[in-house]
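> One-letter residues, chain by chain:
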Amino acid sequence: MSVSRPEELRESPQGSRAFSLGSLIRRRPELVTLAILIVICIAVAVANPAFLQPSTLIDIGRASVVMGLFALGVFVILAAGGIDVSFTAIAALTMYSTTLLVQNYAPELPILLVILAATLGGVVLGVINGLLVNILRVPSLIVTIGTQYLFRGALLSFIGTVWIMSIPTQMGAFGRMPLLQFETANRAVITLPVYFLVLPVAALLTWWILNHTLMGRAIFAVGGNADVAQRLGYSLRTVHLFVFGYAGALAGLAGIIHVSANRLANPFDLVGTEINVIAAVVLGGARITGGTGSVIGTILGVLLIVVVNSVLVLVGIPSTWQRLVVGSFILLAAAFFVMRGRRA
Amino acid sequence: MSVSRPEELRESPQGSRAFSLGSLIRRRPELVTLAILIVICIAVAVANPAFLQPSTLIDIGRASVVMGLFALGVFVILAAGGIDVSFTAIAALTMYSTTLLVQNYAPELPILLVILAATLGGVVLGVINGLLVNILRVPSLIVTIGTQYLFRGALLSFIGTVWIMSIPTQMGAFGRMPLLQFETANRAVITLPVYFLVLPVAALLTWWILNHTLMGRAIFAVGGNADVAQRLGYSLRTVHLFVFGYAGALAGLAGIIHVSANRLANPFDLVGTEINVIAAVVLGGARITGGTGSVIGTILGVLLIVVVNSVLVLVGIPSTWQRLVVGSFILLAAAFFVMRGRRA
Amino acid sequence: MQAPENAGGASRFLVMRNIHKRFGGVHALRGVDLSLELGEAYHLLGENGCGKSTVIKIMSGAHAPDEGEIVLDGKSYSSLTPIQALSAGIETVYQDLSLLPNLTVAENVALSEQLVSSKGRLARMLNGARLRETAAKALDMVGLPSDRAFLATVVSDLPLAQRQLVAIARAVATRAKLVIMDEPTTSLTRREVDNLISVVARLRSENVAVLFVTHKLDECYRIGGNAVVFRDGECVAQGPLEGFTKRQLSELMTGHAIDSERYRTGRPGTEELFSTSDLGAGSAFRGITLSIRKGEVLGITGLADSGRNELALAIAGVAPARTGTLRIDGTDTAIHTPADAIHAGIGYVPEDRLAEGLFLDKSILDNEIALVVRQLSNSAGVLDKTAGARLAGKLAEDMRLNTRDLDLPVGSLSGGNQQRVLIGRSLGNAPKLLVLHGPTVGVDVGSKDTIYRAIQKLADGGMGLLIISDDLPELLQNCDRILVMNGGRLVAEFNAETADEDALYQAMLTPTARISDERIAS
Amino acid sequence: MAQEKKPVIATVVKISGIPWFARMNVGVQEYQQKNPDVVASQSGPATADAAQQLQIVQDLIAKGVDALAVVPMDPQVLEGTLKRAMDRGIVVVTHEADNQVNTQADVEAFNNDDYGTALNERLAECMGKSGKWTTFVGSLGSRTHLQWVGAGEKNAAKYADMQLVDKNNESFDDANATYEKAKEILRKHPDIKGFQTSAGNDVLGVGRAIDEAGLSGKVCLVGTGLPNPSADLLESGAITAIGFWDPKNAGMAMNAVARLLVEKKQVTDGMDLGVDGYNKVTVTKGAGKGLLVVGNGMVLADKSNYKERLF
Ligand SMILES: Nc1ncnc2c1ncn2[C@@H]1O[C@H](COP(=O)(O)OP(=O)(O)OP(=O)(O)O)[C@@H](O)[C@H]1O
Ligand SMILES: Nc1ncnc2c1ncn2[C@@H]1O[C@H](COP(=O)(O)OP(=O)(O)OP(=O)(O)O)[C@@H](O)[C@H]1O
Ligand SMILES: [Mg+2]
Ligand SMILES: [Mg+2]
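Chains as they are written, first to last, in my numbering: chain A, 62 to 405; chain B, 62 to 405; chain C, 33 to 554; chain D, -6 to 304.
Keep in mind that the hints were calculated from the coordinates and are not lab data.
A few of these clues could be false.
In silico SDA-like pairs for lysine to any residue, Cα to Cα no more than 20 Å straight-line [as the list claims (entries may be wrong)]: (1) D/K125 / A/P200; (2) D/K211 / A/T245; (3) D/K76 / B/G236; (4) D/K211 / A/I357; (5) D/K211 / A/I86; (6) C/K417 / B/S227; (7) D/K76 / B/S227; (8) C/K417 / B/G236.
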């Protein structure tokens, strides 16, 4: 027996490497998403080369910014074992009130400060979520359902219900400020706006926090098993406040970008899209029960949905099919993750 | 010590009964909801006696039917430890396709059969949910996000996107068929429609199933602790199929009533209201983590939200405040249930 | 026994005075006094549920005591936080291992070090290099591989034995002053235990105090050091191991020294009720052939890794056996699911009532009738409520529950009463054979007595009972025969009337070839 | 209705909040100021949802107002309810719904066919009378919008080279949805030349899509819209021209007619409602028993002249 054990000890890691695909998917579920994404892109590109035009790609890039920021926030909260459905309300509240404030009180405020203001507003609202979750000790789904109502209610009751059609000039300018410009076949000049940069930057930051700071590890620890994490000395409160505050910040940021790009602030906007964002994150391989997932996966999930939404027409599939396709992908991914779910 | 034991043993039960309010709320959380509801009604009635007019009450009754049916379905699923966000999609799909079918192929079909058809359609879609949850073994939130997309996608891709303005006569008739009629002060005739009866009947049925049948026990057992339930010989599959099928049936029913009452079938309708329904159920005292809750609580939760939505105007509070109030109630209730949440 | 004070030396690291801890109904610790010195080894001994884990959780800040004082490095506390305990150098290997399943081996082993050095503040960079370095050292020490691949393995992918070692590695990764191990060897083999023992020796040589919790007495003797004996939440003895014989220790633990009176008075019937032939399940156990007569109480014991638990689960259909046959009332019966077992008339009381047995926040009534709803419902599946209430009432009566209010949530009952509910439930089904898996685990003496009397009454009524437990006095007092499992096989049979604990312990501990080895050999 | 009590005129719009009806609200308030002897107010659903509008109207009837001035999201949905209102002696006036049967008077700012033709003529001119073009309507239930694009289609038929593709896209008056839809069409028909839109926010959504595609000035966009919100896009050339009538005046006109009817007065051809754009209305028989009251309030504005009437 003295022989057998040590072998077995060293065995198992190899063991799980031997049976590679399964364990690979288990370790890096985002590969499934990537695979699906690549297949789609190739298929579409073959069916209609127009897909590879910069214009399409830039459209996709532009369209993924807001959803991407939301998704990063949701992912961080999922990683810590919570869930959030209030982020759209946070975005709506901050974007609308910031726009209003700037318009009425500080029309000259430099755009950077405007963005900062919105982000801070988001942090405040997010921290409220975090406090409630931490104090009430009820599932964050309930808390954020409650705050979704609260934040939206506050917006419509106290701040305003009228669309702001002519947003402050600096915001409008920010929404169009070009990062890249292309001249297309039909002499159209298409531009990749500067605000596109916000997404990769936010993704990098999130990745760095999660993988290179104690907070990051603490988030996953709490997501893995809150009681054990607490026993090992991680402070649940700190983690709760951070993840919800951080998600709030991203939501505020997303909101202000949404306004700047839309050139109108509609207080009824955004709310109702929570499920799509959560779907994107799940497609990215994060487990809804927390403790898993990756930033890159989240971004892939978002891209997948955005691409599906924008390319179907290119291959002549009516846009009403979008949901059908996305739905099947979600279930497909779920099926792929089964073995992983089983061991959970 | 053998002396001290018996005393101590007797202690604990009394202990929990002495501190009665807590344990009462723990056992019957819906009391909180009832209390809030009563307080509101009294306050409003004092502020504006018009509230007690039959017209207002009938409005409330009429308004609670569809949400109530949805809520009963969600509650049954919550009781079994799952969650559902696809029921609105189920309702939309069944109501629209049923209306279309009746209109084009069976304009003479008696209303009862129409209702039956919609209900069965709901069952089928619900069972799909149940199967997926049972086979994939992934959290039902993911599965139902996926099927929400699927069902809605199917509706918009294959069945139709155009509003049906002139619904089949028998449906229109059903939507108006009076149960009670009142003559108000200003000679207006307000009627309580027959379809209102559907809600109490469904509630009674659900209550009976949950409390007087084997299935009811099984549902709560699975919701309480799926592993233990399995060890005691309950079949998870049967329970999953039943709860999702049952919720589907209620959704189909709600859908057809919605159409008959509105006298139009809008394929874009209903979806997006999931959170409100879940909020109502939670307000009714069901724990989102499953295994608890009561039918009466669920109905109270629905009434609470409907009342808030309809009476605020009567006391001169702008209707935009609805969300604000509902949100605070959700958090308030959550806070009340804390001690209960703690021992979970 | 000697009072803790006398044990005091200059290098007294941790002192606990008059510690009390209650969990709802359960009075887990009732005035514990304890003192630990650096460089010493201590063995916390006691029956299941006597408070060992609880006292440990208090030392490590996982629980706060209700009363009492903790003096740590001369500073006095009324309770500790995990960070306080960790930064004072108290490292714990919890009974449930307390690993983070979704993190890598390296992180599980070495993150705490960085967390502690940052005083629990999270706004800090993570030092990956140092993480791997620390982890590798610790893993080497406990004899696990320390290559990058293993460091990067996610813990949930590891087999149990490796997880236990990872948990130990975490404890030795930092500059600990006191390392606590709560039953660290339950799933380790002899060789890993030897390795562990050398680790302990090394720690002691580095002037680290080590506190062991274990049910395996002769491991204590191999390690040496001091014995700390608990009984029902009190520290009944503390002193050098050499000062005690095994028998004395078990007497101190059980408290039955003077009156080890047998509850078993009746005699088994002659008719065979239940038998297995050559039952086996992979490497867990094999070749199990046993038989139980009507009215007989059969005990099975063995170490936690002896396969006794797997055998119990197999008979209950939770984890069915792969080979061999089961006979009930002379008819071969296939048991693949719990439902099969229930229908075959086998009642099962699981070991961990919390995770496997009870719906903690459901009422007593619901729990009692959960199993028998089928009998209570007609063909259409409609329940007869009153019958349910009547039955539950009767079961509560039979099991002498300490409350008549059957609407109370089971979670609010004391451990002992929870266990009575559990046993009562399986009786509702009127089983022919009742399998009791650790019937008094974590149950206090008062409840034990009730449960034992109930067991005997059932046997006298002609029911066959199979008790699987590592609580030896329990078996000796309640059984007709006791079978000992070791390395997945039945290795010895004793007549409970004549046998004693030493003999049983010997049979449990004498090393045998493990099945897995044979398989590898063949 | 009791005389001592001021008559209550409730205006119900398609969507509250959007600038178009915010502007109409200005009119309603102005009317209230000019006529303190009535109670005039405006309400409407938060989103473009016929069912919600129906609910609002039903509530108002239950409250027992004297007159309803409704801008139906979808005339058919309201027919039944409006009939019950009239049965109950409540005056019903509508706007943008000349097919509404159950109304006593439908007030239109102008002849819908003329308007649709005018918009399309402007578009054709911009497109050089050739190329692919498409149309947007608020919803397929919105009769007037269908009339406008219908007239546009008829007008475009004059020009052989103008090719209508994927016509009558639904926008639900939601700038975001319109934006997505327009992007889709631009992707599907890279060579599209023109858009004719109907609902108040369509120009904003389509305009943004054209702007982002870098096609400002290359693709023509003519549709109903308001000067203020459209300013940017008019300047950037993404919007060729906007057509509108002043919702403020329309609101006042509706209330004026409603009041006349409440006071049991006649509304006659060539009559002056005391609201500019409605100083000499043509009155004909409407779709039902009611009247069709048409003013002359059409305005077409482009980059050069939109500043003259900013609102
Ligand atoms: N979290 C808890 N909640 C309620 N009761 C508890 C809890 N933990 C322990 N107990 C009770 O406290 C008593 C002591 O438990 P503890 O875990 O210390 O026993 P132990 O000595 O570790 O037993 P074992 O040898 O089985 O590990 C038991 O009776 C148990 O029922
Ligand atoms: N949360 C809890 N509520 C009630 N009782 C508890 C709780 N946690 C633990 N216990 C009781 O404490 C007892 C002892 O706890 P612990 O888990 O430390 O030992 P154990 O695992 O039962 O012992 P062994 O592993 O030696 O069989 C458990 O058996 C259980 O009955
Ligand atoms: Mg133990
Ligand atoms: Mg223990």
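> Hints the structure violates: just list their numbers, smallest first.
Failing hints, ascending: 1, 4, 5, 6 and 8.
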